[in-house]
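Model the full structure from these sequences, guided by the hints.
Line by line, the protein sequences give chains C and G.
Numbering-wise (the working numbering), the first sequence opens with residue 58 and increments by one.
Numbering-wise (the working numbering), the second sequence opens with residue 13 and increments by one.
A portion of the hints provided could be inaccurate.
Derived DEER-like restraints, expressed as beta-carbon distance ranges [stated by the list, open to error]: (1) G72/G to E259/C: 55 to 63 Å; (2) D119/G to A319/C: 31 to 39 Å; (3) V178/C to G145/G: 23 to 31 Å; (4) G145/G to A231/C: 24 to 32 Å; (5) M58/C to V26/G: 31 to 39 Å; (6) I234/C to R84/G: 31 to 39 Å; (7) I234/C to S29/G: 51 to 59 Å.
In silico DSBU-like links for lysine-lysine, alpha-carbon gap of 30 Å or less [unchecked claim]: (8) K89/G to K330/C; (9) K330/C to K211/G; (10) K132/G to K149/G; (11) K211/G to K149/G.
Since the hints were derived computationally from the structure, they do not count as laboratory data.
All C-beta atoms, glycine included, are put in the ideal place defined by N, C-alpha and C.
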Amino acid sequence: MATLIISRLTIREAQRRRILWVALIMGFAFLTVFAVGFHYIQREIEQYGGVGDEQIIYGFLLTSGLYATYLLVIIVAVLVSVTTVSGEIESHVIDAVVTKPIRRWEVVLGKWLAYAALVLVYLFLLAAGLMLYVYWRSGFVFNNILAGLSMMGLAGLLVLSLSIAGGTRLSTLANGIMAFMLFGIAFLGGLVEQIGGFIRNEAAVNIGIITSLIMPADALWKKALSFFQGDEFITPMMAGPFASTTEPSNLMIIYAGLYLIALILFTLWSFTKRDL
Amino acid sequence: MSVPVIDAQHLRKVFGSKIAVDDLTLDVQPGEVFGFLGPNGAGKTTSIKMLLSLTSPTSGSASLLGQPLGDRGVRAKVGYLPEHFRFHEWLQAQEFLDLHGRLYGMDAPSRREAIPRLLKLVGLEDRATTKLGAFSKGMLQRIGLAQSLLNDPWLVFLDEPTSGLDPIGRRLVRDIINDLRERGTSVFLNSHLLSEVEKTCDRVSFIRSGRILQVSTLTSFEQEAFQVSIRVGQPTPELLAQLAVIGEDVHLERGGGRIRLKLRDEGRLPELAQAITTSGHALYELTPNRLSLEERFLQVVGEESNE
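Structural data, given as structure tokens:
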């Protein structure tokens with residue numbers, strides 16, 4: 058019950074502080090830029106033709122759009138949640154809340170649920186906007202859309218949970234740095250792994266695997282790509298963040314799921330135990 | 013004797029190498045207004061936080077309303093106004109009270125009844141739809157006080173409730189505390205404003221360096237020895253000898269006229285006046301001087317620091 062009160066409060070806060078409006082307006086601007094870019098590229102292709110397989114170009118454009126979406130959702134997840142626990146501890150807003158006849162973990166769980174819902178809805182709106190536009194203009198669709206989006210959603214939830222977990226122990230700024238740096242390390246590890254995959258260097262691949270274990274977000278993005286693209290788009294030309302030369306195994310999904318659950322449990326425990 | 017609403021036994025809190033509270037042992041009785049006094053950094057807020065389970069004690073034990081610390085059923089009957097509190101500033105005053113009412117587990121009808129009543133009590137009835145962000149410090153303190161009374165608590169912790177208030181606001185808080193006392197609510201008041209404490213509390217405790225130095229009732233102060241200053245026309249040694257029978261430490265101030273002495277008992281004041289007038293001396297002034305709480309505070313807390 059207290060969990061729902063806090064969830065409602067958290068969503069109302071996002072609304073009152075104009076976070077929702079700004080995010081929606083900027084999301085619309087993002088989709089507009091994509092649509093305009095897509096329009097001109099498509100006109101070029103149709104005018105001159107013979108570029109080869111235009112499906113590859115559409116796939117590449119949609120992948121770029123989704124990658125930008127993925128980064129934006131990660132950034133939004135950290136920004137909206139980074140102050141939520143640490144900020145309220147620092148300002149002592151939390152004191153009058155947790156002295157009520159409720160359990161402390163209900164407060165954090167309530168916040169987590171609200172932010173998780175916001176992050177997932179935002180991801181869905183942006184991704185659906187991109188995919189629908191591309192489909193409307195070109196008839197191009199990705200494979201396994203739901204599975205792929207689930208991987209992106211899981212990555213968003215991981216980073217969100219990390220920033221809420223950090224907020225129970227770290228100051229706001231330290232927490233933000235930690236969340237972004239862990240994400241950055243995973244990103245770099247993913248690149249090293251890909252290059253290692255090309256040149257068949259086992260050590261480089263292992264670095265990628267280890268960073269994926271520390272922070273599975275990048276591996277989940279690669280997994281999403283392999284769901285979307287099937288085997289169709291894997292060419293050396295499209296290496297980098299837009300391709301998954303080394304497809305993470307299904308075990309990685311299970312690992313990421315367990316990682317998420319462990320992170321949430323740690324957060325509930327950590328907040329319950331700490332001195333305020 | 014009934015079960016104390018607060019019963020703390022040797023509560024201790026250590027942060028790393030710093031002892032915030034060394035040994036907190038005290039009891040607060042039902043219906044009592046208990047003042048908690050001490051200099052900055054004495055461990056007052058940490059003590060309150062331990063009693064409210066915001067911070068866990070390093071050792072020692074305590075009970076609130078007869079239950080061990082942290083009991084959720086007890087928290088439904090406890091109100092708390094934090095020090096330097098800030099609340100969700102984007103909420104309107106009535107939304108804020110509604111939120112905290114929900115957190116107390118109050119149903120919709122009791123929230124609808126309590127919110128306007130409390131807004132009126134703290135003089136904010138015409139600010140119900142103003143956002144807290146637009147409130148002055150004093151108004152925030154009032155709405156915080158309203159928040160701490162939502163659940164008709166049996167015990168209220170007020171941590172510096174009057175620090176941001178003007179004299180009118182302080183008067184309001186004093187009236188609310190007196191009203192709570194009449195209804196049998198216990199109040200644990202942490203305040204720097206000693207004159208406020210003097211006017212509202214039944215008992216006070218002095219804390220320094222995380223230790224309780226003294227717990228006294230304010231009426232016991234009245235029973236203690238006090239100074240009397242007397243001004244008579246042409247004091248004689250015979251008069252002084254006569255006064256020494258009634259009081260102690262009788263001495264004539266240099267420059268004549270004024271005599272100072274100590275009395276053990278307020279009941280002897282009329283006797284003193286009578287002795288002077290029957291001795292044939294003209295009595296111009298007779299003033300009993302009690303130690304104010306502030307002087308007493310400085311005495312108790314100062315003694316310790318000189319050791």
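Could you tell me whether the CB distance from I234/C to S29/G stays inside 51 to 59 Å?
-> The hint (51 to 59 Å, Cβ to Cβ) is violated, given that I234/C and S29/G are roughly 28 Å apart.
At the C-beta level, are D119/G and A319/C separated by a distance inside 31 to 39 Å?
-> Given a distance of about 37 Å, which is inside 31 to 39 Å, the answer is holds.
Going straight from one Cα to the other, do K132/G and K149/G come out at no more than 30 Å?
-> Roughly 18 Å separates the two Cα atoms, so the pair holds.
Is 24 to 32 Å right for how far apart the beta carbons of G145/G and A231/C are?
-> With Cβ atoms ~27 Å apart, the hint holds.
Is the hinted pair K211/G and K149/G satisfied, with a Cα-Cα distance of at most 30 Å?
-> Within the cut-off at roughly 23 Å; holds.
Has the hinted range 55 to 63 Å been met by the Cβ atoms of G72/G and E259/C?
-> 58 Å Cβ-Cβ, so the 55 to 63 Å window holds.
Status of the given 31 to 39 Å range, CB of V26/G versus CB of M58/C | Since the Cβ atoms of M58/C and V26/G sit about 36 Å apart, the hinted range of 31 to 39 Å holds.
Whether the CB-CB distance between V178/C and G145/G falls inside 23 to 31 Å | 27 Å, holds
Should the hint that I234/C and R84/G are 31 to 39 Å apart at their CB atoms be regarded as holding?
-> 36 Å, holds
Would you mind confirming whether the straight-line C-alpha gap from K330/C to K211/G stays at or under 30 Å?
-> Between K330/C and K211/G the Cα gap is close to 39 Å, so the pair fails against 30 Å, i.e. violated.
Is the Cα-Cα distance between K89/G and K330/C 30 Å or less?
-> Measuring from Cα to Cα gives roughly 23 Å; hence the hint holds.
In this structure, the hints that do not hold are numbers 7, 9, in rising order.
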